[in-house]
Amino acid sequence: MQYRSRPLRDFEHFSRAKLLAWAVVVVCFSLLVAQLLRLTVFQHEKYLSQARENLYITKRLSYPRGNILDRDGVVLATNQKTYALTFNPYGMKDAAAREALGKLGLDETELPESRVDEILATRPRWTRHTLVSGVALERVLPMLERPNDFPGVRVETGFTREYAMPEEFAHVIGYTSAIQPNETKAYPRPRYLPDDRVGRTGLEQRYQDELAGNPGRERLKRDARGARLDDPELLASSEPGKNLYLTLDSRLQKKAMELLRGEKGTIILMEAQSGAVLAMASSPTYDPRNPAGEQTLGMPSGYMNLATRGGYAPGSTMKIVGAATMLRAGADPLRKIICDGDFHLPGWGRAFHCAVRSGHGSVTLADAIKESCNVYFYEAGSELGAEPLFAMAREFGFEEKTGIDLPGERAPKLCAVENPGPGETTNLWIGQGSMLATPIQVARAYAGIATGSLPTPHVVAAIGLSDDDRKEIVTPHRALNVSAVDRAVIVDGLWRVVNERGGTAFKAEIPRAWDVAGKTGTAENPQGSNDAWFAGFFPRANPTHVFVVHIESTDKHGGEVAGPIAKQMIDAFLHPVSDAQVAGAPMAVAALPANP
Amino acid sequence: MSGAFSSVVREREDIRVNASARYFTLFRHIDFTLLFLVITLALAGIATLKGAVLGIAALEPVVTKQIAFFWIALAVLAFTFLLDYRWLNRAAILVYTLNICALIFVIVKGSSVNGARSWIDFGPVNWQPSETMKIATALVGAQWMALHPEGARDWRGIIIPGIICGVPALLVLMQPDLGTASLFFVLCLAMMLIGGVPRRRIAIIVLAAIMGLASAYPFLKPYQKNRLIVFVNPEADPAGAGYNVIQSKIAVGSGGLFGQGWGGGTQSTHRFLPEHHTDFIFASFIEQFGFVGGVAILAAYLLLVWRMMRAIETARDRFGAIVVAGLAAVFVGHVVENVGMTMGVFPVTGIPLPFLSYGGSFLITTFVLFGIVMNVASRRYTLAGP
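Protein chains in written order, with our numbering: chain A, 1 to 596; chain B, 1001 to 1386.
Straight-line C-alpha distance at most 30 Å; calculated DSS-like pairs for lysine-lysine:
hint, chain 1, residue 1, chain 2, residue 2
1, A, K336, A, K556
2, A, K93, B, K1050
3, A, K93, B, K1065
4, A, K93, B, K1109
5, B, K1065, B, K1109
6, B, K1225, A, K93
7, A, K46, B, K1225
8, B, K1221, A, K93
9, B, K1050, A, K221
10, B, K1050, A, K46
Here are some chain B residues the structure puts well away from chain A; computed CB gaps all over 10 Å:
hint, residue
11, L1026
12, F1036
13, L1041
14, A1044
15, A1047
16, T1097
17, S1182
18, R1201
19, A1208
20, P1218
21, G1261
22, G1263
23, G1360
Stretch by stretch, here's where chain A covers chain B in the computed footprint (C-beta under 8 Å, at least three residues):
hint, stretch
24, 1187-1199
25, 1299-1313
26, 1333-1346
No wet-lab data here; the hints were simulated from the structure. Yeah, the Cβ is synthetic: ideal placement off N, Cα and C, and Gly gets one too.
Take these sequences, add in the hints, and give me the full structure.
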């Protein structure tokens, strides 16, 4: 084969072709140099910081949530260290990854085959798949001791919440649960991570910030395979969660819950001067360790703290407000009214009944309180109307939140209708009609009548990192604008309710030595049955404590149901049984170690 | 311009030498600039490779291997250079046919790397037939165009090179390897351009190819579509297909003006940059040596192009000129596509960078390519044939 030598025509053609070829080459290379200049010079800072982001991973430090202790230092809520297994199959072949997973000894429910497929299908470079969490140390010991036998697997530590008396304190303390995907704005990084547990109700929610503390962060140098290269560098050390020191007494709380067993209702025992709550029981309750199993006592709405969120007709407990209204309007407390069992409102067809159908006969204001005579208050209501009653009720703290340090408190309206008519007004004067109040509002009002000052109910006494670091919480008071004389008249009536024959609570046989004053209430509820109330304070001479008992849906009178319960509650307070005699609770409490 | 050419032509006709002086003359006419550039770039490549894998125990053996391959490649270059290229064209058809058979073989039962079946596994040595195919195609294409100078003017000038380049391109496309297939297209265009096919027709072919490619989009493999989508917007899949480009741009950008020094650069040493010793070596190079280093290496590539242009210009016959043109196109295609890919200018295709990317068969092929270029360049004078 012989080639002809190149004809001259070829070179002439080439000179033009060469220009085109050079043009293409130069354009391409210029493009490359321009892009190179852009990346290396103009965007250098941006890419350099991205390279550093690649290189370092900041890790949040794990640390426990604050404890919750009762007034005697009994630990009610603390943390248990638990372990989780995470897995990253990055850089592993499918078979090797399956083998590694198989070695962990997880059963089909913990790690179903579908989950394995899912893990192998999505292989994140840096984020790890959580296989199991909340397991005890025994389960992860082999992985901790021989990590090289378990490629891709890492043992992570965490904390779960432990409650000493879970059901007794569920409504006050609440519970924690994991942050949901739609809550990442409310619980932002880096303080919170997606799997963190946060308080959902009660104190766990109200004091989330204090209990959770502020997590520290450390920085790790790593490579693309996830290998850690250096010792971690501490960026910020953890501020541990603070402890909550409660005003609650676990013994009394337990007693109150026992008294409510099988009932739907509330017991509150509170210091009259300070507003410090000793017991706040709400039944039914739930298990905060497993809040999904809400209906532990077979009743619905076990989640609701009835003491702060239950709106009920206050019934005759409201008579202290009615009495104060009358006295302020200038009524003579000794004026007698003849009660024949019925009250006829002018122009109103139907009669309003008294609690005793046969009537109370001739009654003074104190008698009317003692015997819960409705007619006395009907008469006053028809004279004074609704407005002065509302004004006085607001003075006693109704229709406003008490300010208790628990989330979700309700402050129901005194009256559902604007400008109530005469019939409605008459009912409102005995705490019926559309009038609603919460048990904690009633407790605060009785503290007011007892001391002349409205305290702010509270369950947290102090917050601090340790017993030495306690910072006491000071809560405000509001003076009750009711004269001492007027209060004395009402308190006299309240004392006679309990201690004089014929008083509505006399049958509860509360020892006279306890010097208890109170008021029963039997409120008709929308279900057609009665709600039983008993609210009061003791000792009358120098009131120190307020109590409220409220039982929903009973067919008996307030004094018959709530009276004995209140008696046992006060008894428990006045006569503490030694620890040895209270089986169960203190032992369980002692078994629960506090956080270091 | 024409003055320079006529002097070359005159020289050719004037020189008469005897056989004993032949090799002496040959060595005297070696393109030392080219040889110097080739060897320097290969050594720079080894140094870059060493810096890129520094501290990564699993990858350190590649440096030793690459050095061994360098010596083999140098021997192959010498062999390719000494053999008169007019002998090469006799072997070309055979090599071309063998390669076609090998390409069919890999599609049927080759070893798969990153989703493409392109390797023949010989135990310790792997052979990627598409690499040698490029050179064989250039030789066969140039042979036809050299024998039919008048053919360039009519339809055969498009059809015949089209078939010669199209058959391997299609086979490579079936592996599937879009990047290498497009190199055959560039190779074909360059041969047509130098071979005398009117530029207007070449422009029409380029336009038609672009339109054809656009209409072929629905028939692409899912991973190829994905690459194109990710090419337009790497953030669409930052942990998957877009990962390579994102990490590569980070590596390039963090290099800055002067780089982080030899063996520096966390993107490479901490392995965030994938394939940082093969396909993405340029990113690792820039991370180490920065903009200045990048411009230097691109300038070196451009000098090689200049030497190849010169070889085309002074080639003794059409065959030599067209072969070098085709090989130059393959070389430029490799450089532009690879460097562009690492900086996000072109889609990721898996085409290695000459001299820098680790890989024995690719280094040897590159040396064969430049062996042929030197062969043509050194035999620019009329010599009594061997």
